[in-house]
Amino acid sequence: MIRCKALGAIMVLMAGAAQADDVVIAALGDSLTQGYGLPVEEGFVPQLQRWLDAQGADVRLINAGVSGDTTAGGLARVGWTLTPEVDGMIVALGGNDLLRGLDPAEARGNIEGILQAADAAEVEVLLIGMEAPGNYGPDYKAQFDALYPELAGTYGTGFLESFFTGLVAEGEDMNPAALQQWFQSDGIHPNAAGVARIVEGIGPEVLVLIDTIGAE
68 MIRCKALGAI MVLMAGAAQA DDVVIAALGD SLTQGYGLPV EEGFVPQLQR
118 WLDAQGADVR LINAGVSGDT TAGGLARVGW TLTPEVDGMI VALGGNDLLR
168 GLDPAEARGN IEGILQAADA AEVEVLLIGM EAPGNYGPDY KAQFDALYPE
218 LAGTYGTGFL ESFFTGLVAE GEDMNPAALQ QWFQSDGIHP NAAGVARIVE
268 GIGPEVLVLI DTIGAE
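The opening residue of the sequence shown carries number 68 in our numbering; numbering runs sequentially from there.
Mixed in with the good hints there might be a few duds.
[Claimed, not checked] Ranges between beta-carbon positions, derived for each pair:
| no. | residue 1 | residue 2 | range |
| --- | --- | --- | --- |
| 1 | Glu198 | Val275 | 18 to 28 angstroms |
| 2 | Asp278 | Gln248 | 26 to 36 angstroms |
| 3 | Glu152 | Arg117 | 19 to 29 angstroms |
| 4 | Gly168 | Ala245 | 25 to 35 angstroms |
| 5 | Ala187 | Arg127 | 17 to 27 angstroms |
| 6 | Ala187 | Ala244 | 42 to 52 angstroms |
| 7 | Ala245 | Glu189 | 41 to 51 angstroms |
| 8 | Ala121 | Ser229 | 22 to 32 angstroms |
Hints in this document: simulated from the structure, not taken from any laboratory.
This one's a predicted model, so the numbers in the text were calculated from it and none came from an experiment.
Here a beta-carbon is modelled for each residue, glycine too, at the ideal position from N, C-alpha and C.
Produce the entire structure from the sequences given, and follow the hints as far as they go.
See the structure below:
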């Protein structure tokens, strides 16, 4: 009986150690990350967690998405997002800057501040870009679109050009009417089926992030 109790205690300790060894990744973003308009279990982070679990990844995701957040909001709270347990961070911000027509230079400075904080905390990052619409003019679009790949290159982060990568499969129609099936009625936030497609596009890059963390 004593031997059985000892074995049980060892197994509990081993399970705790295994859990402690899991990679922890915080997803810093806005309503797209937070899961706006969806049941909690159908949001981006829970769906991505299930996708990663299915791949056998030992990872725990933290939903650090705040609806309505701009890049400035992300910078303001990155300090308390980067707790000691966090090994990696997905940064997906900029959509609300675009909706408000904010200066691309400000967005660049804010994203750079977030990457500097991650660098100081020795946290690996996957930076997800955002493409500006053409209605602000070509100069605005060029400045905004360029800030993400340029900063990813400067800070050596992982990079994905768009949160919506994977939403349209190869060979599928990309016209607005066809895309609408993957969005909620507001035309901005993806529905549960749209999130599932988004996860298929982002998931492989998160696996690369996990491998990078493991290599460290």
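Status of the hints after comparison with the structure:
1. Here the CB-CB span from Glu198 to Val275 is close to 21 angstroms, well matched to the stated 18 to 28 angstroms.
2. The supplied range of 26 to 36 angstroms is met by Asp278 and Gln248, whose beta-carbon atoms lie about 34 angstroms from each other.
3. Between Glu152 and Arg117 the CB atoms are about 21 angstroms apart, so this pair conforms to the stated range of 19 to 29 angstroms.
4. Between Gly168 and Ala245 the beta carbon distance is about 28 angstroms. The supplied range of 25 to 35 angstroms therefore holds.
5. A hinted range of 17 to 27 angstroms holds for the C-beta pair Ala187 and Arg127, which are about 22 angstroms apart.
6. Between Ala187 and Ala244 the beta carbon distance is about 46 angstroms. The supplied range of 42 to 52 angstroms therefore holds.
7. One distance hint, 41 to 51 angstroms for the beta-carbon pair Ala245 and Glu189, holds here, with the actual separation near 43 angstroms.
8. One distance hint, 22 to 32 angstroms for the beta-carbon pair Ala121 and Ser229, holds here, with the actual separation near 23 angstroms.
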